[in-house]
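The primary structure of each chain is shown beneath.
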Amino acid sequence: MSTLREPDGEIISLASNQILLSVNGLTINLDDQPDATPIVNGLTFDVREGECLGIVGESGSGKSLSSLALLNLLPVGVHIGAGSITAIGKDITQSDRKTLQEMRGSLISMIFQDPGAALNPSRTVGKLLSDVLKAHSNISKSEIRHRSLEILTEVGFPDPSGRLKSFPFQLSGGLRQRVAIAMALANRPRILIADEPTTSLDVSVQKGILQLIRRRTLEDRIGCIFVSHDLGVIAEVADRVIIMYAGQVVEEGLTQSVLTKPMHPYTRGLIASAPNMSSTLANPLRPIPGTLPSVGRAPKGCAFQDRCPERSSGSCSPNQPTWFNDPIDETHRWLCFEESKLMSTSESESSQ
Amino acid sequence: MKLLIEAQGIIKQFRGRGRSLDVMALSGIDFSIMPGEVVGIVGESGSGKSTLSRILVGIERASQGTIHHDGNLVTSVEEWKKLRRDVQYIFQDPYLSLAPHMTVGQSIGDGLEIRGEGSPAEQRSKVEEALTMVGLKPADADSYPAVFSGGQRQRISLARALVLNPKMMICDEIVSGLDVSVQAQILNLLVDLHQSHGVGLVFVSHDLRVVKYLCERIIVMHRGQIVESNDTKTLFSDPQHEYTRHLLECVPVGLSVGE
Amino acid sequence: MKIRNRSGALLIVSGAAMTFIVIGAIIAPFFLVDPTQIDLSSALAPPFSPGHFLGSDALGRDVLSRIASGARVSLIVSLLGMIGSLTVGTIMGLLSGANTRWLAWLSDRLIDIQMAFPYILMAIVIVSATTASIPILILLMILAGWPSAARVIRSIVLSERPKDYVKAAEIVGADQKRILIRYIGPTVVPAILTIAPLQASAMIVMEATLSFLGLGVQPPTPSWGGMLLAGKVYLSQAWWLTTLPGIAIAITCAALIGVGEGLAQRLRGDRRRRVDLGESQTLTAGAKQ
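Residue numbers (the numbering used here), protein chains in the order written: chain A, 1 to 352; chain B, 353 to 611; chain C, 612 to 900.
What the hints contain is simulated information worked out from the structure, not anything from laboratory work.
Quick caveat, the model's predicted, so the values are computed rather than measured.
Be aware that a few hints might be false.
Straight-line alpha carbon distances no greater than 16 Å define the calculated EDC-like cross-link-like pairs of lysine to aspartate or glutamate that follow [stated by the list, open to error]:
{"no.": "1", "chain 1": "B", "residue 1": "Lys434", "chain 2": "C", "residue 2": "Asp786"}
{"no.": "2", "chain 1": "C", "residue 1": "Lys774", "chain 2": "B", "residue 2": "Glu465"}
{"no.": "3", "chain 1": "B", "residue 1": "Lys433", "chain 2": "C", "residue 2": "Asp723"}
{"no.": "4", "chain 1": "C", "residue 1": "Lys788", "chain 2": "B", "residue 2": "Glu465"}
Here are some of the chain B residues that sit facing chain A, going by a computed Cβ distance under 7 Å [as the list claims (entries may be wrong)]:
{"no.": "5", "residue": "Val532"}
{"no.": "6", "residue": "Arg561"}
{"no.": "7", "residue": "Gly606"}
Just so it is clear, CB atoms sit at the ideal spot from N, CA and C, and this is done for glycine as well.
With the rest of the complex left out, here is chain A (with noise of 0.2 Å):
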């Protein structure tokens, strides 16, 4: 069965695209607690155009609030201690709050998981189009009324006319995400950044917003950013992702490789333990044992040590571990302190 992301079963190399953001050793911390561990510790990425790089994680691995760290809208309590993030051209962590404010919306969008409360429910579908466009550009009322049945026809928002004088409790689920989603693209942004959207929606609504954004990240040229903890969404929607664990990214690459050859201990134990629509009781599934550290107090040096059940005594120090790569797929690297002995399991695996 092909996926989303493979029309016709080839991997599309987007490897010549511009990249249109650049995270380097992105650190966040807690405020007042200079022992904890950071919440995310040197998270790297580039995102290109047209490519949507997913980011998964549980609770506590950071990916939330690195996708607000982009936008520089760290909650209270914490703050960015290193790193920078770069959007076109621009250090985010560095620009002052007007920038931010231009950016934010027209070259840098943002959807959230509960539509419901990301829509400001005393205003119109119409007024909270034309809220967001005039923020970013001076543009008279009948080009505000045409962008917005524009960008309400792209998403796939049935009868526009007819609708931007609905309210959002008169929609469903499915139709306020689509409204955020063309709030997000109204001015035409290069960065989508997408945490968990369709998760708190049913899953035959799920379906249709997930084809909306992987189409529009192609035909806009976007770079998107997709947060989730759902291997199965992600499956759909990501070219590459990134695996991250209590602030750590331990293994990333072409979401293909990642998916079917899963060399960090902590994504193998996560498709272990993920149910999906090949598991029977036959093949049960493999919980990761123990639980995750709390918000900074993960344990120095490799954060998945204490859990890990491939861990051989003695080679996992306290030392940081370092990237291994997959000779096959060159942007498929993982976090560990031994190669050979994870090689030669997936060897195993593979051959049964």
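Following the hints, put chains B and C in place on chain A, whose structure we already have.
Okay, now just chains B and C, sitting in the frame of chain A:
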């Protein structure tokens, strides 16, 4: 074997306020459960699956229809009490289902205290046994819910149900808000409880993947009606109803290791 | 961080003030002149006069010791009144949230009726029917105070009732009485703790008002309201006869309100420590996952 619970002709209507129309949450449901089986109820929002699960245990009353327990019609408070000896319920939100001012041991053991089963010492040991069964420590009985995570709280809720020795537990979206790895732990715990203690399950969920993994039999609900009911294997390999087929198509397939 | 310190400061300062007032009320009379001692030779002496630190009234009685004794009356009446009012209010509030329709309805109507009745009118009626004395005064406090306490308790009960843990209690077999007492009951305790000082504060003013109207504590027992009444005619000549008891009332009320507000902030303040990290499951810094 007698049916454990038999629900017939269940209708649930919510009166509209002011200008809103009445809502038919359930329009004529027939549903029965045998002791010891694992049934899944699957549906999207508005399907009525949660309403049905609440009606089965009596925390919501049907507008019309009957519930039979072990062949007896359930209407009075006494009869509901009897039903609840056999059927327990686990709620979705782990942060709202435990009284914040009661210790874990008090929450779990209150049912025993109400029934007057055994001396306080015996009740305490049953509570500790239940905690061990769900993978927690007996000493946790003296802690308050605030120190536990979502997954642990769901275990506590399971312990509260198990300590009363039910024949069946109705689980309403109990893993929906939990992390994937925690979800897997709870699901495996349920499987274990079923296999080693014979506890039946009614598992309500919107996630077809989880229901496929766990349940022997599945009913699919849509807009207040049961559209399909079959054993798991057949439902997935040969879905009959159009809505079931549509639902199956929309589930993200994912990639398998080694693909 | 700043907000937490401020609420702590409020509670500390108000608490200290109240402690001082209470201790002063208890022990001061032992060290001061008899408040009922008449000494016409030093009548209407202004503050800082020899022997009368806060002055004396028309009969030469020492204002300072009268204020201290008046404090006793005010505090006893308001304390007992508050306890009685909260007891009745909690019971009625819990009943209002009961599952039995008629009981809840009856309780609601009683609250509404009592609240609608103007309390001074009620005071006049009751005092005329009986006598003006401290026990009657306490009764009036209770009658005036219980409805607002009941309403607060009722709204808490109504908001807790639909929660899952209450339904879970029903399923394990708890009856209505057990649910109200064991499950919902303890959740109203924080609210009671914050209402208590506020009610006491209102009752201090109520007592002064009633005594000022002659319906409360009768002379020669000193009371703040009574001092206001007696000093009224001397407003232009001897300002201290009314102003000083008035200040005493104001400071005591402010201290009580401060304690109530400080407690409320403390109880609310616990929630501020949560850092919203934007995860799909909310994290509390330090909590396990």
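We went through each hint and held it up to the structure:
| no. | hint | in the structure |
| --- | --- | --- |
| 1 | B:Lys434 to C:Asp786 | 14 Å, holds |
| 2 | C:Lys774 to B:Glu465 | 22 Å, violated |
| 3 | B:Lys433 to C:Asp723 | 36 Å, violated |
| 4 | C:Lys788 to B:Glu465 | 15 Å, holds |
| 5 | Val532 | 5 Å, holds |
| 6 | Arg561 | 4 Å, holds |
| 7 | Gly606 | 4 Å, holds |
Of the hints listed earlier, those the structure fails to meet are numbers 2 and 3, in rising order.
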